[in-house]
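Build the full structure now, drawing on both the sequences and the hints.
Going down the list, the sequences are from chains A and B.
For the record, in the first sequence the residue sitting at position 40 is 40 according to the numbering used here, with numbers rising by one throughout.
For the record, in the second sequence the residue sitting at position 165 is 165 according to the numbering used here, with numbers rising by one throughout.
These are calculated hints, taken from the structure and not from any lab test.
Glycine included, every Cβ here is placed at the ideal spot set by N, Cα and C.
Be aware that one or more of the hints could be misleading.
Stated by the list, open to error - Computed Cβ-Cβ distance ranges for the label pairs, DEER-style:
| # | chain 1 | residue 1 | chain 2 | residue 2 | range |
| --- | --- | --- | --- | --- | --- |
| 1 | B | R276 | A | R285 | 42 to 50 Å |
| 2 | A | S160 | B | A163 | 52 to 60 Å |
| 3 | A | Y256 | B | Q162 | 32 to 40 Å |
| 4 | A | P263 | B | L273 | 39 to 47 Å |
| 5 | B | A267 | A | S143 | 40 to 48 Å |
| 6 | A | N220 | B | A148 | 39 to 47 Å |
| 7 | A | F135 | B | L273 | 50 to 58 Å |
| 8 | A | S266 | B | A267 | 33 to 41 Å |
Unchecked claim - Computed far set for chain B versus chain A, every beta-carbon distance over 12 Å:
| # | residue |
| --- | --- |
| 9 | A57 |
| 10 | G63 |
| 11 | G64 |
| 12 | F65 |
| 13 | W67 |
| 14 | F78 |
| 15 | R132 |
| 16 | L137 |
| 17 | W141 |
| 18 | L160 |
| 19 | A182 |
| 20 | F215 |
| 21 | I292 |
| 22 | R304 |
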Amino acid sequence: MESLANFYLIPGLVLGAIYAMSATGLSLIYGVMGFAHFAHGELLAFGAYAALVAVRGLGISPWAAIPLAIAATTPLAWAADRAFYARLRRSLPAVLLISSFATALMIRAVLYLGFGPTPLSYGTGIVPPLVWAGFRMQQRHASIILGATAAALSLHLLLSRSRAGRAMRAMADDPDLARITGVNVDAVIRLTWAVAAALAATAGVFLGIDTELQPVMGFNVLLASFAAAILGGIGRPWGSALGGLILGLAEELSSYPLLDGTPLLSPAYKTGVAFAVLVVMLIVRPQGLFRGMG
Amino acid sequence: MEQAALYLATMLTLAGIYAALALGLNLQWGLTGLMNFGGLGFVAMGAYTAALLTAPASASHLGGFGWPWWAAWPLAAFAGVALALPIGAIALRLRADYLAVATIGIAEIVRLAVRNEDWLTGGPLGVPGIPRPFEALGLPWGQVAYLALVAAVVAGLFALAQATARSPFGRALRAVRDDEEAAKAVGKNPARLRLQAFLLGAAFMGLGGAMLSAFFKFMGPEALDPVTTTFLVWVMLIAGGSGNNTGAVLGAVAVWAVWAATDWLAAQLPGELATRAAYVRLFLIGLALQVILLARPQGLIGERIGQR
Numbered sequence: 001m002e003s004l005a006n007f008y009l010i011p012g013l014v015l016g017a018i019y020a021m022s023a024t025g026l027s028l029i030y031g032v033m034g035f036a037h038f039a040h041g042e043l044l045a046f047g048a049y050a051a052l053v054a055v056r057g058l059g060i061s062p063w064a065a066i067p068l069a070i071a072a073t074t075p076l077a078w079a080a081d082r083a084f085y086a087r088l089r090r091s092l093p094a095v096l097l098i099s100s101f102a103t104a105l106m107i108r109a110v111l112y113l114g115f116g117p118t119p120l121s122y123g124t125g126i127v128p129p130l131v132w133a134g135f136r137m138q139q140r141h142a143s144i145i146l147g148a149t150a151a152a153l154s155l156h157l158l159l160s161r162s163r164a165g166r167a168m169r170a171m172a173d174d175p176d177l178a179r180i181t182g183v184n185v186d187a188v189i190r191l192t193w194a195v196a197a198a199l200a201a202t203a204g205v206f207l208g209i210d211t212e213l214q215p216v217m218g219f220n221v222l223l224a225s226f227a228a229a230i231l232g233g234i235g236r237p238w239g240s241a242l243g244g245l246i247l248g249l250a251e252e253l254s255s256y257p258l259l260d261g262t263p264l265l266s267p268a269y270k271t272g273v274a275f276a277v278l279v280v281m282l283i284v285r286p287q288g289l290f291r292g293m294g
Numbered sequence: 001m002e003q004a005a006l007y008l009a010t011m012l013t014l015a016g017i018y019a020a021l022a023l024g025l026n027l028q029w030g031l032t033g034l035m036n037f038g039g040l041g042f043v044a045m046g047a048y049t050a051a052l053l054t055a056p057a058s059a060s061h062l063g064g065f066g067w068p069w070w071a072a073w074p075l076a077a078f079a080g081v082a083l084a085l086p087i088g089a090i091a092l093r094l095r096a097d098y099l100a101v102a103t104i105g106i107a108e109i110v111r112l113a114v115r116n117e118d119w120l121t122g123g124p125l126g127v128p129g130i131p132r133p134f135e136a137l138g139l140p141w142g143q144v145a146y147l148a149l150v151a152a153v154v155a156g157l158f159a160l161a162q163a164t165a166r167s168p169f170g171r172a173l174r175a176v177r178d179d180e181e182a183a184k185a186v187g188k189n190p191a192r193l194r195l196q197a198f199l200l201g202a203a204f205m206g207l208g209g210a211m212l213s214a215f216f217k218f219m220g221p222e223a224l225d226p227v228t229t230t231f232l233v234w235v236m237l238i239a240g241g242s243g244n245n246t247g248a249v250l251g252a253v254a255v256w257a258v259w260a261a262t263d264w265l266a267a268q269l270p271g272e273l274a275t276r277a278a279y280v281r282l283f284l285i286g287l288a289l290q291v292i293l294l295a296r297p298q299g300l301i302g303e304r305i306g307q308r
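Structure follows, in structure tokens:
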């Protein structure tokens, strides 16, 4: 029981929190702008590396570098929108998707140029785990789960309580209606990018703290994020967040030795779990688990 | 002189293989509007099928069965179809972007399987010793003969793609792409048409994989890279003109020429800079794609409908 929690449930929750933050941003972009943003993983990686620069340059901890990572990633998202997506706004969603794919390649190339392909780390050293009656939890895991909860809470307040958040939801529901009722479309789009980039950058730093930094780290998360967004009903931020948690848990639990000590699924195929969930969802319930949850 | 001819034959052979992949993607995206971002998966299926069937027997992977290439290649095309069938049947009923996600997923699964199923694929060691047709002729004639074979296959695929685009079936595919409701209203079945186009494109990619593995004489997990097997093909098609088979071939040859030339230039740079040049090229593929989408979305030669 303890080993299930220590080695599978807690890491699953941590991974799930990272997927959830990434998937929520994807879902918001899809809702407001109507296209699948394939450069989302690269925003995440960019945030992680921006924090690395701050950690090395200023000698601060990666946690303290999160605001700087957000401050670096948001303008990047705005720039990509201004340079490419805004000009293609009237094209087919497929064209925007291909364009975001091209953006992904460009950001990844910049990360490779700046930092090389070798995995890097923030070098936080070894911290003793929190122990409670046989349950052990790495401190970084506790912090990531707390941080993700705080992010979810702030997003909830933004979307439900603020005027800007309501405008965002109005855009997602019906862009034309929002436009004729006087919603400032450009401002909403800028805000959406800022929120999505902030979530992605934070998720990137979390992923970097939990594992290591690599230019392809975001691309590896992308598939799971899309699967989570589809699981939760794409365009619905809360569904996507829950979808992310479910996928993170499913991925870690897939290698749990339930029967006679052999893992359910060879850990080499862990990243395939997201895909399997995606396929099952597309067959059974393509509209997502939580239709009508807002 | 002979060295230059050999180099030219190598480059043209690869350009021909890329033309096959671009023609396959054109059937899917250009003609039917299906976003396949998992080209690598279908190419790998074809490449490994052909590799295992033609390679000499070995204990480090399944087979090889020592088949002749002409028996193995059709099965390689079929292997691409076999992978496309389930994924197409599931994802094509749904929104266009779901196929993009699903194909990335299937390519990822194929990559994992290739790396981990040692009994089947030899794992990281791969499948060595794949015979190349006509290599008994020695250099450079064996190389030239293989180029001729690839050119003949590509010519056949081009003719097939042209016939498809001009047939009533091809018109129905374009109708589904441009206005699904209208196509339905005149009694077409969009789901079935999409699936057929997807399978046909996957067969082209499988065959392309077979030609690639015979050309390399080796197939392993490192031999197929998403950048060169999937993304570069997208650039080729969009640059050449999606919807136009001539554009697909032209784009493949032109983009490959640029790619190979920059590869050669990068190789002249000293050590550290050479690896960096690879990343600059990655950046440039992305930028080229953006510029084409913004400045010339129809590509070098756009789609021409109704032209004979």
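A quick look at each hint next to the structure:
Between R276 (chain B) and R285 (chain A) the CB atoms are about 46 Å apart, so this pair conforms to the stated range of 42 to 50 Å. At about 57 Å, the beta-carbon gap between S160 (chain A) and A163 (chain B) stays in the expected band of 52 to 60 Å. At roughly 54 Å, the beta-carbon separation of Y256 (chain A) and Q162 (chain B) lies outside the given 32 to 40 Å, and the hint is violated. One distance hint, 39 to 47 Å for the beta-carbon pair P263 (chain A) and L273 (chain B), holds here, with the actual separation near 44 Å.
Distance hint check for A267 (chain B) and S143 (chain A): the Cβ-Cβ separation is about 46 Å, which falls inside the suggested range of 40 to 48 Å. A hinted range of 39 to 47 Å holds for the C-beta pair N220 (chain A) and A148 (chain B), which are about 42 Å apart. For the pair F135 (chain A) and L273 (chain B), the beta carbons lie near 51 Å from each other, so the given range of 50 to 58 Å is met. The hinted range of 33 to 41 Å is satisfied by S266 (chain A) and A267 (chain B), whose Cβ atoms lie roughly 39 Å apart.
For A57 (chain B), the condition that its CB be more than 12 Å from all CB atoms of chain A holds, with the nearest at approximately 27 Å. For G63 (chain B), the non-interface assignment is confirmed: its Cβ lies about 23 Å from the closest Cβ of chain A, beyond the 12 Å cut-off. Even its closest Cβ contact with chain A, about 24 Å, leaves G64 (chain B) beyond 12 Å, as expected for a residue assigned away from the interface. Distance check on F65 (chain B): its Cβ is at least 27 Å (rounded) from any Cβ of chain A, clearing the 12 Å threshold; non-interface status holds.
Distance check on W67 (chain B): its Cβ is at least 30 Å (rounded) from any Cβ of chain A, clearing the 12 Å threshold; non-interface status holds. Once the 12 Å rule is applied to beta carbons, F78 (chain B) is consistent with being away from chain A; the minimum gap is 22 Å. The claim that R132 (chain B) is not at the interface with chain A holds, since no C-beta of that chain comes within 12 Å of its own (minimum 31 Å). Listed as a non-interface residue, L137 (chain B) keeps its Cβ farther than 12 Å from every Cβ of chain A; the least gap is roughly 40 Å.
A cut-off of 12 Å between C-beta atoms confirms that W141 (chain B) is not in contact with chain A; the least separation is 39 Å. In this structure L160 (chain B) is separated from chain A by more than 12 Å, as the shortest Cβ-Cβ distance comes to about 25 Å. The claim that A182 (chain B) lies off the interface holds: its Cβ sits roughly 16 Å from the closest Cβ of chain A, which is beyond the 12 Å cut-off. Chain A leaves F215 (chain B) outside its interface by the beta-carbon criterion, the shortest separation being 25 Å against a cut-off of 12 Å.
In this structure I292 (chain B) is not separated from chain A by more than 12 Å, as the shortest Cβ-Cβ distance comes to only about 9 Å. The non-interface label for R304 (chain B) is consistent with chain A: the shortest C-beta to C-beta separation is roughly 20 Å, beyond 12 Å.
Hints 3, 21 from the earlier list are contradicted by this structure; the remaining hints agree with it.
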